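With the hints in hand, could you dock these two chains into one complex?
Here the protein sequences line up with chains A and B, keeping their order.
Residue numbers are given in the numbering used here: position 222 of the first sequence equals residue 222, and the series is strictly consecutive.
To convert, count from 1 in the second sequence and add 410; that's the numbering used here.
Keep in mind the hints are simulated off the structure, nothing from the lab.
Model, not experiment: these values are computed from the prediction.
Check each hint, because a few of them may be wrong.
Stated by the list, open to error - Label-pair distances were calculated between CB atoms; the ranges are:
{"#": "1", "chain 1": "A", "residue 1": "T360", "chain 2": "B", "residue 2": "R487", "range": "24 to 30 angstroms"}
{"#": "2", "chain 1": "A", "residue 1": "V204", "chain 2": "B", "residue 2": "L422", "range": "34 to 40 angstroms"}
{"#": "3", "chain 1": "B", "residue 1": "M563", "chain 2": "A", "residue 2": "L152", "range": "41 to 47 angstroms"}
{"#": "4", "chain 1": "B", "residue 1": "I476", "chain 2": "A", "residue 2": "D182", "range": "43 to 49 angstroms"}
{"#": "5", "chain 1": "A", "residue 1": "M389", "chain 2": "B", "residue 2": "S617", "range": "46 to 52 angstroms"}
{"#": "6", "chain 1": "B", "residue 1": "F520", "chain 2": "A", "residue 2": "P109", "range": "27 to 33 angstroms"}
{"#": "7", "chain 1": "A", "residue 1": "G345", "chain 2": "B", "residue 2": "P437", "range": "29 to 35 angstroms"}
{"#": "8", "chain 1": "A", "residue 1": "L23", "chain 2": "B", "residue 2": "I616", "range": "42 to 48 angstroms"}
{"#": "9", "chain 1": "B", "residue 1": "A444", "chain 2": "A", "residue 2": "T360", "range": "55 to 61 angstroms"}
{"#": "10", "chain 1": "B", "residue 1": "P551", "chain 2": "A", "residue 2": "L17", "range": "34 to 40 angstroms"}
Ideal Cβ positions, reconstructed from N, Cα and C, are used throughout, including at glycine.
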Amino acid sequence: MSAGFDLQATTRRGAGLDRLGVLLAAIVAAGLALQPFCLFRANRIVAAKPVGLLSALPPLESQIVLGLIVVASVLLLLRTPSPLRLSVSVLTLVLLAFAIGRAGVYLTPSSNTYARVAPGGGFWFAAFAFAIALADAAVRLRMPPLGRLALLALIGGALWLFLWSGACDALSILREYANRADVFWREARVHLFLAAGSLAAAAVVGIPLGILCVRVRPLRAALLNSLNILQTIPSMALFGLLIAPLAWIGAHVPGASAIGIAGIGIAPAFVALFAYSLLPMVSNTVAGLESVPVQARDAARGMGMTARQRFMEIELPLAFPVILTGIRIVLVQNLGLAVLAGLIGGGGFGTFVFQGISQTATDLVLLGALPTVALAFAAAIVLDAAVEMTRPMTSASARKSKSLFERHDE
Amino acid sequence: MKGSALIRLLLLVLLVAFLLTPQSFRPVFQPFAANGAPAIYTQSSLLALTLSHLAMVGVATLAAAIVSIGLAVLVTRPAGREFLPLSRSIANIGQTFPPVAVLALAVPVFGFGPIPTLIALFLYGLLPIFENTLTGLTTVPHSVQEAARGVGMTDTQRLISVELPLALPIILAGIRLTAVISLGTATIGSTVAAKTLGEVIIAGLISNNTAFVLQGGLVVALLALFIHQGFTSLEARIGRQAGAMQPAQ
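The following block holds chain B by itself, in its conformation from the complex (with noise of 0.2 angstroms):
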């Protein structure tokens, strides 16, 4: 465990310092650059790509969280209970709706720029935090249930001090799917002219030159491995709190 730990920071020290001075890598991306092409993307600072296509995911995902996590506890509820099975095959088959397609079809409603992708990635990070947190609240044991009743909670005390911390660690698997799905979907954004890393892809893949689609990808991978990295410990950590009362999953 030791190891790998010493891995990801020396990796998380490589990222920043090649967001910092992109420059001086140039060697490194050089052998994949044909014909003297440049090795390095400059058209815009790959610091403030980053910067910009982390804000998007971050807002998205935000949004997607607040509203997802809204309807499943609406609809896991007595009064909401009746739309219990409709959204779950909603959100079923929403799942199959690819992620390009949404950004497709969100183009010519919302026009170009980063709208039509942050509305994409909203929808599309709606459902895996939904459906987990629906398993989440669902899943709660019944004798758990039965006992913070017993000891005269109200139903919305029940939620917020036993259902919801009980389902924490699994809402936060949702969360973490859709931040990782998010980081990898922004970079079609750059298609339809929204401002991510996706640019400097797409910048590659139009001039043939492979050191472009290296460095974008690469800085891509690299974040969705730390966000997944975070994610995970931080389900661990949560996980050995609620610890034997963790319902087994």
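Next comes chain A alone, as it looks inside the complex (with noise of 0.2 angstroms):
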């Protein structure tokens, strides 16, 4: 990512405008003007009324929110430091969490219990645009993996502290939450479980097959090949099919029921996620080792180190951080596709967005798409850092080209 073009600070140019910035502040304005601040429902079904930022908070409160935009996003418009955009756009960030979580419990009357208050396209318009400015803050700083740790660390940690505060408690999709907190613990432990288990499970078959691979050549085409067709199959379908076999062998195999297999639930939705990501773990891994220089290998031959030496000290720990990129494309993608779990009985986050499709609930639709989205996204910025860290200095400029389509590109 930061593998960019040493000339951006000096192509900036423009009459003291930042010309990200115009466009950013003309996402603000649009939005604020023509978009609602917040929707506000007597009850969780009927037609949604439209409410303007001003008329969202109360009068003295709403203009120093709106002043305060204002202000942001004419600093976003000049041609400010990166530190300074940064913490702006953190901030005004924080700024608009803490206007829509007021905004729900100055609409909603203290008796009511049904009415809702979710947040309108104003508040999402200018969330994205801050939230893209923070991305150009943190890529013009190029900050080191460390930074963008911490910054992760930073973000998410105001994100906890704000909802546990209870400063958004009055809004649909925490209204949503409250009726089902246990529940929805209980399915993101399930969806963790998908995600993370079927990748452990991936990495202890796919790494030693991938080894395998480049050892006995003719093994790699047929089972890269044949890994690839797998990957065809279309991921709901894939979950269906296994309903089938997985029901023969609970009921068949001893011992098999005991350990939670199943034509339904949990079983299928994991042997699918598994399967769908031994391809990329098989391929990274040959990628990786294939990647060790010859140099290397000679001069570990030349030193007199064995094969299971050079294996362990020179091969595996060059080709490491290609693998790491493995695991980083599966986490991403199973968190993803656990959500499909919902549609089969297997739990996790889909079974919220699915059950919110069938009511045509949408706050219970993002109750299961918001965490999906956040998981995958702090599980992205965590490895590409790892990757980072791992990598040796020299290939920096190589960095970017191979972090993404390693799975597609066999």
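And the structure:
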């Protein structure tokens, strides 16, 4: 990501205006002027009534919030230093979260438990613009991996504190959460178990398979081709197709049902995710081992290392960043695909997504979709940083082109 | 190579035959249908579902290709270069959005039916093409660029007759990725009432009928296989034409 052009600092021109800032300020202005800041429903299913920013909060508060947003937009508009832009974006995002929480409290009549307040287009547009500004500032600062992790921890911590403090409890999505807090955490655990458990299983099986593929040439094409074909089966169908065989195993193999193998529920979802994870694991292990420079192998041989030593001390460590990239691809992909487990009774956040879709309850969809997106997002940032830290410094320029497409380029 | 081409041809014939006369394949699927349930999906015509599925993927992929190639060209020109690092990280982060979540989030805004599916497919399809076009355009060898400048080509001429042709195989690989991913993702669109082959799979999941899941899944998988194959051979042919000028990948 930071593999950019050194020219960028010098090519920023314009009459004291930042071009991205102009675009972002326009998005904020259009969002707040043309879209409601939040949506008010008298109960969960009636049509929403749009509420603008100025009427969503008590008069003085709304003017202060609007004023601060205007100031922040102007700071982005001008060519301000990157650290300032970073802090302004973070603070404005916090302000927006605070404002939407306050709007929920202000708009909901105190005795009414049916009324719902949800963020509207204006809120989402503004949040999007400042999130982009945040990303832009982080890119311009060329934050080192540890810095990015610290920023992620800071934002995650702020978000957690915010939700925990109850400042947003009046919002509709948190109302949905309050109604099913126990279920939510159970599904969260299931979701994480599905994504991370199948990744662990795929790593345990896939990395040795990858090593084997490098050693045994004929195996390589056959294995990678069949895994490729597996990848083309649509995920929904694979989930469904595993139901019958797993039901049979659960019913006929002694002890299988005791460890949770059954036709419906978590088992088919786990197996399907495992199957999809194998290709990136195997192909990245192969790619990693093959990227070890011949000189390094020769030098190790010249030093009199045994084949085993060469493998453990030279080849595997050098291949590790690429293998880790495979793990990153798999984890992000699994966190998303695990949503589909909700379709076959496998649990996870998909339960809320598909319940919400069938009841046309937007808040319920969001309750499932937002944590999924947040998890995938956080996993990508953490593992990208890890990949960057394990990569030798010399390949900094090759870093970017390697990071995303290993799965598909095979 | 000859044998696998024969197998592909056979699969294609089988697929077309199945779509035209699904009932004649009843004996194949009967064993998978539990206790006398119908073996072949008849609620809507499989052929119509397949065509609608393909049309949706085609439209979304085409739109995504036009927009993302345009954007990639824009951020690699001197005027747009300052957006390059940012657009790279947006593309990188955007890929982490699960397609199901894109679909789920599009429903509240656009309602049920084909529109949210098309939008989710379009948005999700932008990233692989954008990323690959960027890679293609930024890895054109310096010497080639210099030579093009040396023979007096303008910026536009260089873009159209040097950079884009050299990047074409990588761009096509991006379009292939998008098309194959969209093909699978479109099945999920049926949970929000889009007319795709996912309808068959969902009907099977709901009524516990493996035969339906199998036929829906197989048709999608075969389509993905053919699209993948078609693009790969196109990429190979264009790559050969570019010949020695092709940058090392």
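Results of checking the hints against the structure:
Separation of A/T360 from B/R487 is about 45 angstroms and departs from the stated range, judged on CB atoms against 24 to 30 angstroms. At roughly 38 angstroms, the beta-carbon separation of A/V204 and B/L422 lies within the given 34 to 40 angstroms, and the hint holds. The supplied range of 41 to 47 angstroms is met by B/M563 and A/L152, whose beta-carbon atoms lie about 45 angstroms from each other. About 48 angstroms separates the C-beta atoms of B/I476 and A/D182, a value consistent with the hinted range of 43 to 49 angstroms.
In this structure, A/M389 and B/S617 meet the distance hint of 46 to 52 angstroms, their C-beta atoms being roughly 50 angstroms apart. At about 31 angstroms, the CB distance of B/F520 to A/P109 agrees with the hint of 27 to 33 angstroms. A hinted range of 29 to 35 angstroms holds for the C-beta pair A/G345 and B/P437, which are about 31 angstroms apart. For A/L23 paired with B/I616, a C-beta distance near 45 angstroms keeps the hint of 42 to 48 angstroms intact.
One distance hint, 55 to 61 angstroms for the beta-carbon pair B/A444 and A/T360, is violated here, with the actual separation near 32 angstroms. Taking 34 to 40 angstroms as the suggested C-beta distance range, the pair B/P551 and A/L17 conforms, at roughly 36 angstroms.
Violated hints, in rising order: 1, 9; the structure is consistent with all others.
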